[in-house]
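Those protein sequence lines, which keep their order, are chains A and B. Counted from 1, the first sequence has number 196 at position 197 by numbering that gives the first Met the number 0; the numbering is strictly sequential. Counted from 1, the second sequence has number 193 at position 194 by numbering that gives the first Met the number 0; the numbering is strictly sequential.
Be aware that a few hints might be false.
To be verified - Heads up, simulated DSS-like pairs for lysine-lysine below, C-alpha to C-alpha not over 30 Å straight-line:
1) A/K67 <-> A/K165
2) B/K295 <-> A/K101
3) A/K49 <-> B/K75
4) A/K17 <-> A/K49
5) B/K356 <-> A/K36
Simulated from the structure, these hints should not be mistaken for lab results. If you're wondering where the values come from, they're calculated on a predicted model, not measured in any experiment.
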Amino acid sequence: MTISLSKIINDWIPDNSKVIDFGCGDGSLLKEFIDTKKIQGYGIEIDHKKIQECIEKGVPVIQQDIDKGIKEFESSNFDISIMASSIQCLKNPHVALRRMLKLSNKCVVTLPNLGYWRCRVDLVLGKMPVTPNLPSSWYETENLHLCTINDFEKLCSSEGFVINKKIFLSPDRAQGFLASYFPNLFATEGVYLIGRE
Amino acid sequence: MKINKELIHFNEGLDLESGSRLDSFDLMIESYGQLNEDKSNAVLICHAFSGDHHAAGLDPESGGIGWWDNIIGPDKAIDTNKYFVVCSNNLGGCSGSTGPTSINQSTGKVYGKDFPIVSVVDWVNSQKLLTDFLGITKWHFVAGGSLGGMQALQWSISFPDSLSKAGIFAAAAKSSTQNIAMNEVSRESIRKDANFFDGNYIEKNTKPRNGLKAARMLGHITYLSERHMNLKFGRKFQKADSKLSGEIDYEVENYLQYKGEKFSDSFDANSYILMTKAMDNYDASASESLEDAMSKILCRLLIIGFESDWLYPPERGKEIQLAGMKTNVNCTYVSLPGEQGHDSFLFASEKYDEIIKSFIESR
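For reference, chain B alone in the conformation it holds in the complex:
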């Protein structure tokens, strides 16, 4: 599958929900498949908090496989033989789109901690500008999991005429108290890293690696289910020759150390704080009720929850469904077993694939 990677510059800038403004910005995108003549086969993929534009295929530069490669590709649930699939790196991220590691044009310095607060609504607004840039009037399908699912929901509320179908997977209309609490623990571990320097670590040519690592380790625990962790690691001891450090006893420790280390190499700490804040602050009901907000929706919704997900459990998806039903939205709700906890939305399974396929193809 051919990956088209492109950095798109937007001169018109963007007014953010916080009241700040970005005078111009870049979005890094990837696309797969061909846009058909009447531009009716376009699919927008929204990534979760630590994801990026690389949703599918093998990136020849990094050698990395896309985060949703299980679902997107030739003959997969989102079939790139049939659909033109686009994924953009969210504003405030650290994979090419304008974010805390970018240069602030007005000061000539790296934004760092001064990058403005961004929100799910801002991401959707920036993706709408991308939509116009690509000459697409209506997405056939906008989908994502977790924070990406929140964006798909927001798309259906913000731009009802600009999409036909939305897929909201392992997501909620707003984060729970527990979600916010978990995120705050990870932010605190970053902020209290001696190398954080109040967010100005880039100027000091360093990085709060330990904080980021601990944050990611906690994150990984919340993404997996207890059962899956038991199955995957149990209480097995890590083999001596593959231990990442002498303090490690168990396989699960080694796994978390490895994941944390890898993440702290690649991810930006200010981005981490921004992204988790965007997740915490999101509330689809905004100043009204969820029913009122959802009454604007014209597209069909497919809401999927996974039974082993305790971060955004299926009931949270059901809330969206029930609110939509009250205001006559065409919304379907499915709960799937999904062994891998919150991460289940990333993995293909026969049932998950069938449901997504049936929905995309439905008349």
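Chain A extracted, bound-state conformation:
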């Protein structure tokens, strides 16, 4: 069974905290934390259908293209910002991360790992990787800036972001031995809690 992201990052979200979720989708992650942790949550989403689903759940949502503005939420004093499986779709991921760490002390980032062995096999065979985590073909994907676990951690260190916590996931979103010890080769996904130095 696939473990939900809310279970994985559950311990990272303090009760009653103020949380902003960039690319919140249908709002189910926020909804769960609103119910279980009494957070003040806001979602940012661009897709109309997903916005409507957030509204149905009573999750406050703001229609916004993340590429066009993260800055304007700076004055709202968020405790945590979340960017789940979206960072690689942005025009300037490093700028987005900087801005998220300006509007909140901590930031949860999840990203697919292009270093995962099946991706490498696909490339060796001369084709763009298509895996359960990267299901779209090259011409349909929204991903602009795919990276490996090592690439992301290198960016964090060069930008001065501190990695407070990290969890590496296997294909079934479990936390397997191989993914934990050799993440760049065996993790399909990295889940990070980052902060400022």
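Got chain A; can you put chain B on it based on the hints?
Here is chain B on its own, set in the frame of chain A:
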């Protein structure tokens, strides 16, 4: 759909924001649908500046369709099969509620230009008295567009416990400089009409029709988008047999002439001045900051802007959203394409309907 129309008299009077007082007043209201047993399905609709209590359905007397009939009715976005929907004519209006055309009880004469300045806050206060009169403790939803959206916002600030959800559409927390400027041009055209007589035209048995007409024509330009005007009229010439006057060349001219003429038949000039002043003077932040004012809000807000609206563009709605977010208000902001400029809030569209429905029904 059955329309219940009622004139309600309030003996207790109302202290106005300006310091004046109305010793008693009437509110003309319409309602649709049935109030349920625990009175939890009540919806209050606030009208825009030239609107009135006739929000939905076909009025058998006038033959007129309600101004928000696209949105309110059986199985519509605001479903009268499920909700008890109330709309009242604002104080200072000219459609039945106490206003400049009413008789001032203390003088026995028509108020005319002496009708006291009214404000968005005064309207909300008068609607609160209506709420008590109807025996409703909490509106499920209070909504409106434009000046009606300002009232919905003010409701959430003035009476946080008395509503669960507010819909603020094509509105702003305060009018912009440009809004005030446009309104002043329309007021000036009324004031400079030879038949205005400094606001005492009723005594003279006349009406500043030309001024009102020009004011409305300007208004209509601001309510539409450039693109929509292009699509609707383009540079098409008006057919000779349907020209309202010999001076007309283009369809758009005929349209504005027609709308202006119709409006000047039905609307009162002093009301026009009062309503536009109320719009200009409104500032949700009052003497504090918008964040401070909004920190009182307990209900959920749905803020909708329309991309083609240049009178109250979506960014103005976003300002409300951002201020609410700072003070932890549960506020949602959506920007919709809306072809018809500022008027977009009046028209149904699949997305607009879905958003409103989801919000009203949300847990």
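When the structure is checked against the list of hints, which entries are broken? Sort them ascending.
The structure breaks none of the hints.
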